[in-house]
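Chemist: Residue strings, one per chain:
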Amino acid sequence: DVKVTQSSRYLVKRTGEKVFLECVQDMDHENMFWYRQDPGLGLRLIYFSYDVKMKEKGDIPEGYSVSREKKERFSLILESASTNQTSMYLCASTPTASVEQYFGPGTRLTVT
Amino acid sequence: RKEVEQDPGPFNVPEGATVAFNCTYSNSASQSFFWYRQDCRKEPKLLMSVYSSGNEDGRFTAQLNRASQYISLLIRDSKLSDSATYLCVVIFGNMLTFGGGTRLMVKP
Chain A
1 DVKVTQSSRY LVKRTGEKVF LECVQDMDHE NMFWYRQDPG LGLRLIYFSY
51 DVKMKEKGDI PEGYSVSREK KERFSLILES ASTNQTSMYL CASTPTASVE
101 QYFGPGTRLT VT
Chain B
1 RKEVEQDPGP FNVPEGATVA FNCTYSNSAS QSFFWYRQDC RKEPKLLMSV
51 YSSGNEDGRF TAQLNRASQY ISLLIRDSKL SDSATYLCVV IFGNMLTFGG
101 GTRLMVKP
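As they're listed, the protein sequences go chains A and B. Under the numbering used here, the first residue of the first sequence is numbered 1, with each subsequent residue one higher. Under the numbering used here, the first residue of the second sequence is numbered 1, with each subsequent residue one higher.
Calculated from the structure, these hints are not laboratory results. Please note: incorrect hints may appear among the correct ones.
Stated by the list, open to error - Below, computed lysine-lysine pairings styled on PhoX-like, alpha-carbon distance capped at 25 angstroms:
id: 1; chain 1: A; residue 1: Lys-3; chain 2: A; residue 2: Lys-53
id: 2; chain 1: A; residue 1: Lys-18; chain 2: A; residue 2: Lys-53
id: 3; chain 1: A; residue 1: Lys-3; chain 2: A; residue 2: Lys-55
id: 4; chain 1: B; residue 1: Lys-2; chain 2: A; residue 2: Lys-3
id: 5; chain 1: B; residue 1: Lys-42; chain 2: B; residue 2: Lys-79
id: 6; chain 1: A; residue 1: Lys-71; chain 2: A; residue 2: Lys-53
id: 7; chain 1: A; residue 1: Lys-3; chain 2: A; residue 2: Lys-71
id: 8; chain 1: B; residue 1: Lys-2; chain 2: B; residue 2: Lys-79
id: 9; chain 1: A; residue 1: Lys-18; chain 2: A; residue 2: Lys-57
id: 10; chain 1: B; residue 1: Lys-2; chain 2: A; residue 2: Lys-57
id: 11; chain 1: A; residue 1: Lys-13; chain 2: B; residue 2: Lys-42
id: 12; chain 1: A; residue 1: Lys-57; chain 2: B; residue 2: Lys-45
id: 13; chain 1: A; residue 1: Lys-3; chain 2: B; residue 2: Lys-42
id: 14; chain 1: A; residue 1: Lys-71; chain 2: B; residue 2: Lys-45
id: 15; chain 1: A; residue 1: Lys-57; chain 2: A; residue 2: Lys-70
id: 16; chain 1: B; residue 1: Lys-2; chain 2: B; residue 2: Lys-45
id: 17; chain 1: B; residue 1: Lys-79; chain 2: B; residue 2: Lys-107
id: 18; chain 1: A; residue 1: Lys-70; chain 2: A; residue 2: Lys-3
Could you build all of it, start to finish, from the sequences and the hints given here?
Modeler: Have a look at this one:
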């Protein structure tokens, strides 16, 4: 059974803080993704990674960066959090050549 | 125009009703299509794939209309437990695009 975990379910940070969101998957998946989900806007892709140390920008990468030093771990970094980054952040993974995405439980981030 | 569009709903239906949602997409070269289900405050989970020939899984039927560029999801004999948000996903190359989701509420 695939398991994708995220470091926090709820997080509150102040404007300007550096924020790290961690995602770990235990199924040796090649591909990992970070999304944010906002009411009325659906899921929007921030960044994805097809391999260790590789990253690709998604639809809304501005204000975010990512790190993939190990295959099982994909980190999302908010260099200087802003209130418009208040959102639900979802991590997902998928094995190569398969498109079913397995999602983590999500992190609800509030920036005040 | 959004790449993938869904009516956000909510669709309020009584138990036992048949309900259908559509999802339109703008890229005619899109290759793969899926429906995901997302319960309140939970992560999305794959419901079913959508094939050109259509596919059925119990009370759920998914269809693809390439000419009109939409996919559909039909739910027969709705159950209370079907209440959720249904997200369509359209894939082109390595890019996945989610629709905004359609919320379904099944009432007793």
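Chemist: Hint by hint, note whether the structure agrees.
Modeler: To see whether the hints hold, each was checked on the structure:
1. Lys-3/A to Lys-53/A: 22 angstroms, holds
2. Lys-18/A to Lys-53/A: Holds, at roughly 21 angstroms.
3. Lys-3/A to Lys-55/A: 22 angstroms, holds
4. Lys-2/B to Lys-3/A: Judged against 25 angstroms, a Cα distance of about 32 angstroms means the pair is violated.
5. Lys-42/B to Lys-79/B: Distance ~19 angstroms between Lys-42/B and Lys-79/B Cα, so the pair holds.
6. Lys-71/A to Lys-53/A: 9 angstroms, holds
7. Lys-3/A to Lys-71/A: 14 angstroms, holds
8. Lys-2/B to Lys-79/B: Outside the cut-off at roughly 31 angstroms; violated.
9. Lys-18/A to Lys-57/A: Holds: Lys-18/A and Lys-57/A sit about 20 angstroms apart, inside 25 angstroms.
10. Lys-2/B to Lys-57/A: 19 angstroms, holds
11. Lys-13/A to Lys-42/B: 22 angstroms, holds
12. Lys-57/A to Lys-45/B: 23 angstroms, holds
13. Lys-3/A to Lys-42/B: Given that 25 angstroms is the threshold and the Cα spacing comes to 14 angstroms, the pair holds.
14. Lys-71/A to Lys-45/B: 22 angstroms, holds
15. Lys-57/A to Lys-70/A: 19 angstroms, holds
16. Lys-2/B to Lys-45/B: OK: Lys-2/B and Lys-45/B at ~23 angstroms, within 25 angstroms.
17. Lys-79/B to Lys-107/B: With a Cα-Cα distance of about 8 angstroms, the restraint between Lys-79/B and Lys-107/B holds, given a limit of 25 angstroms.
18. Lys-70/A to Lys-3/A: 16 angstroms, holds
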